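S.K.: Based on the provided sequences and hints, a complete structural model is requested.
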Amino acid sequence: MLRSAGFAAVFIATATAGVAEEFTWAGTTDPQTMDPHAVNSAPVLGFLNNVYEGLLRRGKDMRIEPALATSWEPIGAGEGWRFTLRQGVTFHDGSSFDAEDVLFSYERASDESSDTRSWFASVSEVKIVDDYTVDIMTTAPNPIFPDSISNWMMLDAGWAKANDAERPDKDNGNYATLNANGTGAFRVAVREPGLRTVLEPFDGWWDETEHNITRAEFTPIQNPATAVAALLSGDVDFINPVPIQDTARLASNPEVKVVQGIEARVIMLGFPHEAEALKYSAETSDKNPFSDVRVRQAVAHAVNVPAILQTIMRGNAEEVSQLVSPAMRGYSAPLADRPAYDPDKARALLAEAGYADGFSFGLKCPNDRYLNDEAVCQAVTGMLAQVGIKATLDAMPVQNYWPELRADNYDMYLLGWSPGTFDAEHPIRFLASTPNEEKKLGSWNFGGFSNDRVDELLPLIQSEIDDAKRQAMLDESTKILQQEVAYVPLYVEPLVWGAGANIDLTQRSDNFFILRWVTVN
Amino acid sequence: MLAYVIQRVFQSAIVLLVVGLVAFSMFRFVGDPVDNMLGQERTQADIERLRTQLGLDQPFPVQYFKFLQGAAQGNFGVSYRQGRPVSDILMERAPATLELAAVSGFLAISIGIALGVFTAIRRDGFAANAIMSVSLIGVSLPTFLIGILLIYLFSVELGWLPSFGRGDTVKIGGWSTGFLTESGLKALILPSITLGLYQMTLIMRLVRSEMLEVLRQDYIRFARARGLRDRAVNFRHALKNTLVPVITVTGLQLGSIIAFAIITETVFQWPGVGLLFINAIQFVDIPVMAAYLMLISVMFVGINLIVDLLYFAIDPRLRVDRTAAH
Amino acid sequence: MADSALNTPAKERSRLRVALDSDFVYQFKKSPVAIVSAVVVLIMVFCALFAPLIAPFNPFDPASLNLMNGFSKPMEPNAFTGETFWLGTDDQGRDVFSTILYGMRISLFVGAAAVLFAMVLGITLGLIAGYVGGWVETIIMRVADVQLTFPAILVAMLIFGVAKGITPVEYRDQMAIWVLIIAIGLSDWVQFARVVRGATLVEKNKEYVQAARLIGRGSGAIMLRHILPNVLSPVLVIATISLALAIIAEATLSFLGVGAPPTQPSLGTLIRIGQGFLFSGEWWILLFPAVTLLTLALSVNLLGDWLRDALNPRLR
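Chains as they are written, first to last, in numbering that gives the first Met the number 0: chain W, 0 to 520; chain C, 0 to 325; chain R, 0 to 315.
Since the hints were made in silico from the structure, they are not lab data.
Derived DEER-like restraints, expressed as beta-carbon distance ranges:
1) W:E106 x C:Q57: 30 to 40 Å
2) W:V292 x R:V44: 43 to 53 Å
3) W:E351 x R:Q173: 29 to 39 Å
4) C:L242 x R:A111: 30 to 40 Å
5) C:G73 x W:E199: 32 to 42 Å
6) R:S218 x C:W174: 52 to 62 Å
7) W:V189 x C:A101: 18 to 28 Å
8) W:D163 x C:L309: 43 to 53 Å
9) C:F221 x R:A111: 39 to 49 Å
10) R:V44 x C:L242: 33 to 43 Å
A quick note: this is a predicted structure, and the numbers were derived from the prediction, not measured.
Where a beta carbon is used, it is the ideal one built from N, C-alpha and C, also for glycine.
M.R.: Following this line, the structure appears as structure tokens:
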């Protein structure tokens with residue numbers, strides 16, 4: 000009796016929820032601002048993709064498609080790009096969208112105070128041709144420019160001026176930090192930082208509506224176990240990410256489902272190429288074994304990636320041989336094989352390099368940045384110990400991690416890289432180029448890897464318009480990086496989302512959750 | 000008397016300053032905020048510019064002094080992460096923590112006293128011994144584990160109570176309360192049990208031992224001998240005399256409830272100041288951390304000061320002792 | 000000389016006799032709870048001390064681990080390697096039974112060392128504060144206030160950060176353990192100091208202390224010989240309960256990430272790792288360490304409880 004009464008109550012609750020089509024979701028991080036130009040980070044840009052729009056956007060398959068621009072074409076022989084804007088688009092506050100807003104958004108997003116400035120490094124000028132045509136001129140031919148600005152979002156010039164938010168201010172915040180006025184499918188109804196953000200559909204949206212949501216609420220939940228509990232108990236309809244270990248269990252539960260895919264992020268081991276000596280070694284403090292390519296090769300052969308994927312990642316990730324995943328533009332398909340797991344060969348290589356008795360060193364690792372990062376590092380420690388090189392693992396939260404790497408406090412480190420442009424050129428620019436402060440190259444190349452040919456190829460790759468020639472140069476770079484073992488790429492991070500069984504959604508490989516593709520059944 | 004009060008207040012102020020300085024010097028070790036504030040495509044120059052802008056390139060005594068200057072005017076700066084004044088954020092978050100602490104405190108005190116009295120009166124009874132033993136389980140498991148187990152049992156397996164958050168809240172003036180909605184009340188249950196369990200055990204044991212002590216006193220024996228009924232003796236005489244030390248300890252414990260809320264709020268995603276603080280550590284949001292620590296310190300030092308002054312007022316022997324010592 | 004040497008064994012024996020016949024032991028024999036918890040604690044301490052001899056594997060040696068053994072169920076052969084583990088294995092392929100034994104060793108060591116540290120510090124400062132009085136007392140008790148102001152978690156994070164900055168790299172591995180000891184010890188000493196100071200204030204005005212002072216005994220001697228023995232029983236009770244608290248505190252700190260490293264896990268670290276598998280079906284990774292921690296802390300608590308009643312004759 001009591002049981003059936005409870006059952007009835009649950010039934011009524013779901014029935015009413017069904018009528019309102021309310022949708023609640025949870026993620027680990029709260030978008031820290033509603034300003035699309037203030038911070039260049041995945042949680043912010045991913046969230047704001049539901050509220051703001053750019054000239055173009057990425058579809059369900061990650062391909063770029065028209066959004067606020069209906070078409071675009073190169074000007075001359077690579078002098079720039081001409082964008083034709085969509086007419087009849089309005090912002091959430093009712094004002095209309097035109098070329099003035101594009102120019103304003105360029106000035107705003109490329110300002111000193113903006114975190115998205117680097118997207119416009121190659122832009123020399125933005126010219127208004129007429130109300131609905133804009134020319135963006137570049138200093139050098141830039142074939143991938145349209146690909147690189149899909150997250151450049153349009154703000155209304157009038158709204159920003161009226162509210163004193165003409166420039167992003169991430170230090171003190173301004174009106175745009177807490178309020179939003181985009182052209183996207185949803186508008187921000189309530190914004191309580193760190194607590195909840197409520198979105199409501201925008202009636203005046205220019206595109207066809209695919210979703211059936213009347214109200215959507217986002218709550219950040221840091222503790223993954225709490226998030227899983229919330230999904231299981233029906234308190235939320237969607238969580239991202241699902242802890243890898245809970246994937247199988249959730250998948251077998253009829254009330255929830257797991258949506259899996261491969262993310263753009265490649266997880267790899269990095270080396271101190273430039274260091275004179277090891278920092279954290281008990282006995283080898285006068286030299287740096289990792290400057291010998293044979294030692295780096297030994298590391299690549301010693302790590303049993305299939306075993307890591309089998310156990311720690313539970314079959315949810317794929318191994319990778321280069322700095323980008325196969326889904327990215329410019330991936331080198333002929334170079335897809337990563338060094339095989341071969342501990343004997345690793346030992347032989349070490350002996351050849353003069354380290355037959357091995358050595359000890361320090362491995363740095365974040366413990367809250369990538370999926371199961373600490374467990375992976377622990378496993379790597381074990382595998383390296385089995386070929387005779389003994390790592391001392393030092394795992395720490397990410398806010399301590401980057402400063403340590405910047406200060407060169409490591410003998411080996413774990414890094415994940417997701418190319419913002421979805422192109423193989425991106426990691427070469429940031430991870431493999433010789434660090435050069437002025438040219439903004441190699442800014443995440445902590446170990447100072449340097450190869451003349453790779454440096455020479457990069458500008459050629461950046462300005463090559465012919466796809467086949469470009470790919471040949473990318474292949475050459477990738478080959479050098481593999482031969483030199485600049486990094487040891489391990490696997491592509493999996494993307495695991497959890498949702499209620501009654502939710503239909505589309506997962507994009509950049510891990511952005513796009514609300515307008517959600518249907519509540 | 001006045002001289003003593005002034006002296007104690009003065010000492011408390013120094014304590015606060017020291018706490019602040021220690022807290023401030025700690026931030027150097029928590030991490031570096033600039034990486035969280037800049038995106039993947041930042042350059043070394045960006046990093047340096049931001050450090051200068053935030054004043055992070057200055058030695059921490061200078062930073063601390065600036066912080067104090069602001070704090071004296073009620074200005075705790077702007078959160079690095081949220082880009083809003085810290086005082087606004089604290090005001091927003093405080094009701095959640097205070098409501099949780101109040102309910103936990105109430106549960107701990109009422110149940111703690113009731114069980115304490117019961118176990119004292121039925122000292123050798125089976126039920127009393129069972130309660131004493133079971134209560135020890137409560138203090139023999141870490142809080143976070145108790146919280147997670149409660150979520151697992153009551154939210155996931157049974158589906159009775161929400162697994163996280165505060166439920167719906169109602170705004171009354173600047174205060175958001177969860178007391179007025181059904182979901183708000185439901186959401187309070189698990190976190191307040193988790194948070195209050197330890198204090199409850201503590202109060203129960205304290206009441207029991209104080210009560211046993213009092214029950215042995217001559218005047219109680221005398222009262223019994225006079226033929227007063229047990230109930231009257233136990234409650235009118237014994238309990239009343241037990242409560243004085245209990246109240247003192249409880250007062251101090253209330254402060255630690257708020258400090259311990261950090262863990263409970265993390266487990267239950269309770270949107271209070273404790274969670275704010277943990278998030279602030281994760282993002283090295285120095286202004287938020289500093290303000291939180293100052294707030295907690297003011298509270299503790301304040302409670303301590305009041306307790307000390309009360310003792311002084313109540314117990315004349317201490318007065319003699321102090322003057323003799325000086 | 001010879002005389003006393005001859006006398007000693009006899010004296011010892013008689014002392015032992017006295018001890019065995021004492022009220023204390025009588026109380027102990029009478030309480031089944033005390034006997035059971037004492038036996039449990041002794042067994043656990045024994046297992047922890049001799050973990051390297053008892054444990055079938057050495058979980059601290061990364062070279063001996065086979066990742067493919069990961070997530071073996073208790074008492075069932077692993078699907079890939081065919082090996083069987085009594086209590087299963089964790090995500091790294093470590094035998095859970097062995098990690099618990101080694102983890103308990105660390106937890107007990109941290110707990111005992113932290114309490115010892117707190118006790119020595121607290122008693123010393125409490126005695127001095129109570130006996131000397133004046134501005135010395137004021138400073139000590141104000142420092143105690145400051146100490147109370149900081150939740151133990153924050154103290155630990157502070158010390159952790161500072162220690163990380165100043166420890167030479169080759170000692171980093173052991174550092175976490177010492178940081179835990181100091182952090183937990185520092186958050187605990189105030190209790191001892193307050194109790195000892197309170198008792199000292201009462202004792203120092205009693206006739207026997209006044210008498211000792213009159214016959215010209217030094218302050219140190221008076222504190223150690225006369226006052227200290229009189230405050231020992233509350234100290235003993237606090238120490239026992241603090242031990243349980245310290246073990247729990249270590250677990251909590253490990254949960255927040257400032258604890259023993261996962262390559263050398265304590266019980267708390269094991270629980271932190273295990274709680275990630277609560278929903279995934281690998282219940283043994285959480286359950287066994289949690290039960291061990293509960294058993295250990297509960298036994299120590301029960302013992303402390305009994306001790307308090309036994310040492311306080313008025314409660315009988």
